[in-house]
Every structure is written in structure tokens, then in C-alpha cells.
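Asks: Those protein sequence lines, which keep their order, are chains A and B.
If you read the first sequence in UniProt numbering, its first letter stands for residue 1, the second for the next number, and so on.
If you read the second sequence in UniProt numbering, its first letter stands for residue 1, the second for the next number, and so on.
One should not assume that every hint holds.
Unchecked claim - Just so you have them, the derived chain B footprint on chain A, three or more residues with Cβ under 8 Å:
| no. | region |
| --- | --- |
| 1 | 48 to 55 |
| 2 | 182 to 189 |
| 3 | 338 to 350 |
As the list claims (entries may be wrong) - Negatives, chain B to chain A, calculated, CB over 12 Å:
| no. | residue |
| --- | --- |
| 4 | Q31 |
| 5 | D91 |
| 6 | T128 |
| 7 | Q146 |
| 8 | E232 |
| 9 | V240 |
| 10 | R270 |
Claimed, not checked - For the chain A half of the interface with chain B, some residues (derived, Cβ under 8 Å), not all of them:
| no. | residue |
| --- | --- |
| 11 | S12 |
| 12 | I14 |
| 13 | S15 |
| 14 | F16 |
| 15 | N35 |
| 16 | S67 |
| 17 | H165 |
| 18 | A166 |
| 19 | G316 |
| 20 | R354 |
| 21 | T362 |
| 22 | R374 |
| 23 | R381 |
| 24 | T407 |
Calculated from the structure, these hints are not laboratory results.
Don't be surprised by glycine CBs; every beta carbon is placed ideally from N, CA and C.
Chain residues, written in single-letter form:
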Amino acid sequence: MAESVNDSDAESRISFGDYVVLKRGDVFKSVQVENKKKVIFEKQWFFLDNAVGQLFGTRFEIEAGGSLKLKAAKHSGDSLDSKEAGQDNRHILDDGKSQKLTRDDIETLKEQGLKGQEIVQQLIDNSTTFKDKTEFAQEKYIKKKKKNHLRYDTLAQILTLGNIHAGSKILVFETCAGLVLGSVMERMGGFGSVIQMYPGGGPTRAGMESFGFPSHFHETLHEFPLCKVNALLAGTLDLSEKDADGNRRSESSQETSGVSEERSSEPQSMEVSVDPQEEMRRVERERLREQKAQEKKVKMEEKRKKLASAAALLEGRNADGLVIASRFHPCPVLMGLLKFIAPSRPFVVYCQYREPLIECYTKLREQGGAISLRLTDSWLRHYQVLPNRTHPVLLMSGGGGYLLSGTTVAADAAKTRNQQKSEEPVAKRLKLDEISSA
Amino acid sequence: MSFAEYSEIIQEGDVVIIFLGHESMMPIKVQSGAQTQTRYGAIRHSSDLIGQRFGSKVTCSKGGWVYVLHPTPELWTVNLPHRTQILYTTDIANITLMLELKPGSVVCESGTGSGSLSHSIIRTIAPTGHLHTVEFHAQRAEKAMQEFKEHKVSHLVTVRNQDVCKDGFGITGIADAVFLDIPSPWEAITHAKSAMKRKGGRLCSFSPCIEQVQRTCEALLDHGFEEICTLEVLLRVHDVRAINLPLPDFGPEEGSADTPNTGNTSVICRTATPPREMAGHTGYLTFATKPRD
């Protein structure tokens, strides 16, 4: 199979641990390649082990027992031939170079009694489009829609309106399981930094992992908890080193550990019966306890360092962009996080619904500090393009959610409403007739 | 300043965007000693711009004020001098995502036109990628080169003045993505294919007319492209307004001791109305994948 491997192909070969996308027709699924791990896709169970070492884009068949077998590519020559030779339709299915069949073609083949359900699978390269196609495929196959349904054309707008590019410092707050975060990181290419703001315990990144970024990308990713934002803004965020009990580390910490050691040795001297087995067990328990305490200390120190590095990036209040896509009410999130953004930088807020964004818009106009505010949504229409059979197929509208975008500007120190530059024509007030009292 | 990298302070030679108010902006080139006239008065580059922070408010000679913005490809798209019909951000955003553009991507584009998409591509592929753009009109090619230089991105782009259908992109086997916005894209598919990497890549063709799309799809099929898909994307902009709705007067309630006219006679609602006309048709976007050779 791969006797003489071209070096340049090495990075295109599948390895254990890689995230890949399974494709069958219009249906896509993201999975991780793991040793002897069963994977389910399109109602079939199989193992991905035989895919390791093969190139991305390879077609496989599933054999009985669940192992993958390379699909032999038959060289049939020009596709022109297969188009003209109407009888040889089975050819089209088997041929590795075959074009994607349209619904019409498949129907014709079925009528001719062919088992069009030959299982052909592809492993294709990691990319943002997989998730996007998954969204589209979900629409098409009427699968259960996710609660926070972000359509790929909306995602496309977010990334471009937000001017997401290498070398910038971007704040992201999302609850889309890491899809938005991953897309932002892909556009940053490992340059610059991304600070993920998170509610609650910790950031969710499952979707981001599926992108399969090289490890150095992860060094550009930081996180910061929302619950510490106010402290950071007020300058009261406590970033000092702490010991395992969460107490501020000081010279006395050495003493305390010394004391605990002493204390633990005390019972020994008080023991009346010295049972060697009991003694061993006690020593072991003590050792484990200390090991755990040590691990906890290390973890807390790591956490503190991460918090400190994220805080350092934030406190300059000079981030280059802000992306919000969450189930939280966008208004307070936006007003809170905009404080960290430099002037003359874009921000984009996604919301499944329109009204919360109208609130944001209104609030921003009152407060100032933002221009070019736009509330938009996009419509996406697919076309079937075939000779004499060209027509629109699918219209996706409304369900893609809404975006509020704008650009920050220097906030006015002494702001009066009169000073505000009018951005929209004055709303026409409906005249009230004077209602005479009854 | 660069269109591919932010900076904080305005310097001599920068291209900046002056924001004048409701959808009114203009690009200017910052030059020491120069002045720019606006409806609010004159902006003196040396004192009002150079050394100021991007995003600052600038008071003009007549007393009115404006904001000075850092250029971005999106701002450039709505402010650039048109030499041709251009692509707007909505289409550009989808092209960027569906072509999987990112830092390091090598992209081929034809025609360069007014450089709207070009600037966006350059921003996305920086700092390690490259754009090879082909424009058959000599003057437009020259103007594009000039602009890329002024915008400090010329190291990321090569402009070639030739006919892409006859002479291709000038490179082979190195592109991750190819974009076509020409009258007869089907004539350039062979060159597009040879420009792309052996391991495959993505292609996009933009055409205003469906007949062009049909011919292009056929050519793509003939050349072995896969995942051919044609779509159209339209942006709807919502007008956010405060509206005043009067409340009806049903007369005094039975048995009510209240004097009339104490209640509210109208209520203010915040809403967003879609515009009367949807955004016009720009063009159809056809995407395809070149599989591994």
C-alpha cells in the first residue's frame, strides 16, 4: 500500500489520537481515532484501527466484524465515459474517482435494481467546515436541533465581522461547547492570544478539541472566570500564592508542615502496642495523604498561575476584539466585557433571539462608546445545479440566530446625551391627539 | 498600522478611516502638514491625528467632531474607491469560511478587481500565507499593487497582470484555495486545478448569473472536483427603533372613582423592523473540493 511514502504526505496520514471526520454522503461525524475503540456512525459499529497510517480522504468499506477495509479504486477513465455509457451505472458507484451522486441519479439507480446502499466512507481533514456541514446535514435530515443552534453562515459572519486574525488578543465568551472558540483559534493560527471567559466552574472545550490543533496553539489559549471580573476591574483581584488550605503563603507555612509532621509522629510515641503491620499501614496512609496534599498544592499553584496570566492580559483593557455567543442574556455580558476592549476594535454578539440584542443596542446607544451598531441575520439558500434541472433547494432563514456587531470608540469622560452622534434617523413619533377628559 | 495587524497610535503614512456619523465614513492617508476637509471642519493631520490613539474623538476646526478608526478589511470594503463591482462582507465571510482560509493558507484569486476580497484574504492568511492575485486589466492591477503597498501588506501578496484563462495564476501545485470572480470561470478551471496542491484544496466561483453557474458546475464535474455545492447568502439588517404607540381610551370604567386622563396615553416600545427591501442579489457562490491527485 504505502511502500514509498512521500515525506510531504506524512502530515496527511491518520494517527492514533487524531480527531477525524467520518463522511457518508451528506452526513458527517467527528470522532477520535483510538485503539480498538468501537465507533458508531450511520447506524453501524466499527473500529478505526485500520485507518491509521492511511491518508486523509481515503475511502473505506466496513467488513463483517467491524473492521475497515480500503476501498479499491477502479480506474475507469474519464467521467465523461461514465456519463455517456448509460448502462454502466454500477461503475459510477464503485469508481473511486466517481462524482458525488445527486438524489435524482440515486433514484434512477434504485429503480434499476442496484443496491445503492453500498457503504462508502471517507475520512476527511479536520476543518471548521465539518461542524458547519454537520449543522446543514442536521437540517436536511431533520435531526434533533441543538438548543443553541449556530448555523455556519452565522459563524462565518462572526469570524469576519470580528476581524479575527493572527496576532490579535481576542476575548471569547461562548456556550457552544467550544465550537466558536475553536473557530476563533483556527483563524488565529496559533499567533496572538485568546482569552476564554467562562461562567461557573470551568471552561467547556470539547468542541475545540475536535479541531486537532497542534499543542503550541494551546499555549495561546487562556481562561478567566466571570465571577472574578468585577474584582479585576476594581483592582482587588487576589493573585498571591496560597498553600494547600487556601491560606496566603507566608514563612509560617514551613512551620505548619513541620508541626503536622510532629503531630503525626506523636501518636506513634503514645502507642502502647507496636504492631508492625498496623505501623506499615499507618505510614502508608500518611504517605498517601501527603502525596495528595502535594498534588493539590501543585494544582492550585497551576491554577493561580493561569489566573494571573489571564488577568495580566485583561487588565490592560486593550483587547482587540470580543465575541459573545451564549445562552446567557447578552446585555450584561456585553456591557461587562466591553470594558476590556481597546477603542476602534470590533465586537460581535450572537443570540438566538432578537429582543435581547435590541436591548444591547439600546443600552449601547445610551451609554456611548460604540459606533456602527448593526443588528443582522442571514439567509442561506442552496441550489441544485443540473442541466435543465436547476432550482433552489433549501432556504435557511431566521433559524440561524441574530448578530449585533459594532466598533468600539474612546468613551467620553463627560458625556451628555446631546453630544451623542446620531446614528440613525430620528424615530418618527406618532402624533398624539389631545384627548379631552371624559 | 497595517490591514493585517493592529496598532495603537496613528503614525505618518497610515491609512485611517474617519467616522463622520450615520453610515458616513471616509478613508484618508495621514501626512504630516496635510489637512482634510469635512462637513464639520478641517482635520489637521499633524496635530489631530499623528500621535493620537485609534478610536479617539477628533474635534474639527468648525467645532464638530469625528472618530478616527483603525482600518480593517471590512471598513475598507465599504469605503474603497470602486473600480469594479465589489464583493461585500456577507459574501466574503462565507467564502472565507467555506474555503477554510486561515494563517498560512496559499490562495489564488482572479480577478483582483477593486481589491475588496483581496484585503480580506490577506488579513486572514497573514502572517505566513500568501495571496496570488491575477488581474487582466493593467491599470487595475497597478492600482491594486499600490494599495497593498500603502496598506503595508505587499509582502503577503503577488499581483500578476495576465489573463487567468490563458495563462493561469503564475504558480502551480501550491494553492490551498482558489477563488474565481470572472465572466467565464469554466475557462479557468484547468488552471485552477493545476495551481492547487497535490493533496487537494478548495475552490470557489462567484457568478451573478445562473447560466454561468451551470457551465461552471459542469466544468468542475468534468475536472474531477467533488462536493460541488452552490449557494446564495443574503444579509438582513434590522432597523432598531423606539416607537410610540398610543393607547385606546375606552372611557371611564364603571364604578371607578378615578378621574380620567390620569393613565398613560401612549407607550414606547423598542423594536427592530426589517428593511422594506431585502438586500439585492449579489451572486451565486459555487464551492468544490479538489481531491488528492
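Asks: Work down the list of hints and note, for each, if the structure agrees.
Replies: Hint check results:
1. Judged by the Cβ-Cβ criterion of 8 Å, the region 48 to 55 of chain A is not covered by chain B as claimed, because only 1 of its residues qualify and three are needed.
2. Interface restraint, the region 182 to 189 of chain A with chain B: holds (4 residues with C-beta to C-beta distance below 8 Å; minimum three).
3. Remark: the region 338 to 350 of chain A is confirmed as covered by chain B, as 5 of its residues place a Cβ nearer than 8 Å to a Cβ of that chain, reaching the required three.
4. Consistency note on Q31(B): stated as away from chain A, and its beta-carbon is indeed over 12 Å from all of that chain's, at 20 Å minimum.
5. Interface exclusion of D91(B) from chain A breaks down, the closest Cβ pair being 10 Å apart, not more than 12 Å.
6. Against the 12 Å criterion, T128(B) falls within the reach of chain A, whose nearest CB is about 7 Å from its own CB.
7. Every C-beta of chain A lies more than 12 Å from that of Q146(B), the closest at about 23 Å, which supports listing it as non-interface.
8. Taking the minimum C-beta to C-beta distance to chain A, about 5 Å, the non-interface status of E232(B) is violated against the 12 Å cut.
9. For V240(B), the requirement that its beta carbon stay farther than 12 Å from each beta carbon of chain A is not met, with the minimum near 5 Å.
10. At the 12 Å boundary, the C-beta of R270(B) falls inside the reach of chain A, the nearest C-beta of that chain being 5 Å off.
11. Interface hint status for S12(A): upheld, as the beta-carbon distance to the closest one in chain B is roughly 6 Å, under 8 Å.
12. Interface restraint check: I14(A) against chain B, minimum CB-CB distance 13 Å, threshold 8 Å, status violated.
13. Checking S15(A) against chain B by beta carbon gives a least distance of about 16 Å; that is not within 8 Å, so the hint is violated.
14. The beta carbon of F16(A) comes no nearer than 21 Å to any beta carbon in chain B, farther than 8 Å, and the hint placing it at the interface is violated.
15. With a least beta-carbon distance of about 26 Å to chain B, the hint placing N35(A) at the interface is violated under the 8 Å criterion.
16. Evaluation of the S67(A) hint against chain B yields a violated restraint, the C-beta minimum of about 23 Å exceeding 8 Å.
17. Here the hint on H165(A) is kept, as its CB sits about 5 Å from the closest CB of chain B, short of 8 Å.
18. At a threshold of 8 Å, the smallest CB-CB gap from A166(A) to chain B is about 4 Å, leaving the interface hint in force.
19. Among the interface hints, the one on G316(A) is violated; its C-beta lies about 11 Å from the nearest C-beta in chain B, farther than the 8 Å criterion.
20. Given the 8 Å rule on beta carbons, the hint for R354(A) holds: about 6 Å separates it from the nearest Cβ of chain B.
21. Contact between T362(A) and chain B, as hinted, is supported at the beta carbon level, the nearest pair being about 6 Å apart and thus within 8 Å.
22. Because the closest C-beta pair between R374(A) and chain B is about 6 Å apart, less than 8 Å, the hint holds.
23. With 8 Å as the threshold, the beta carbon of R381(A) comes within range of chain B, its nearest partner Cβ sitting at about 5 Å, so the hint holds.
24. This hint holds: T407(A) has a C-beta 6 Å from the nearest C-beta of chain B, less than the 8 Å allowed.
Hint violations for this structure: numbers 1, 5, 6, 8, 9, 10, 12, 13, 14, 15, 16 and 19, all remaining hints satisfied.
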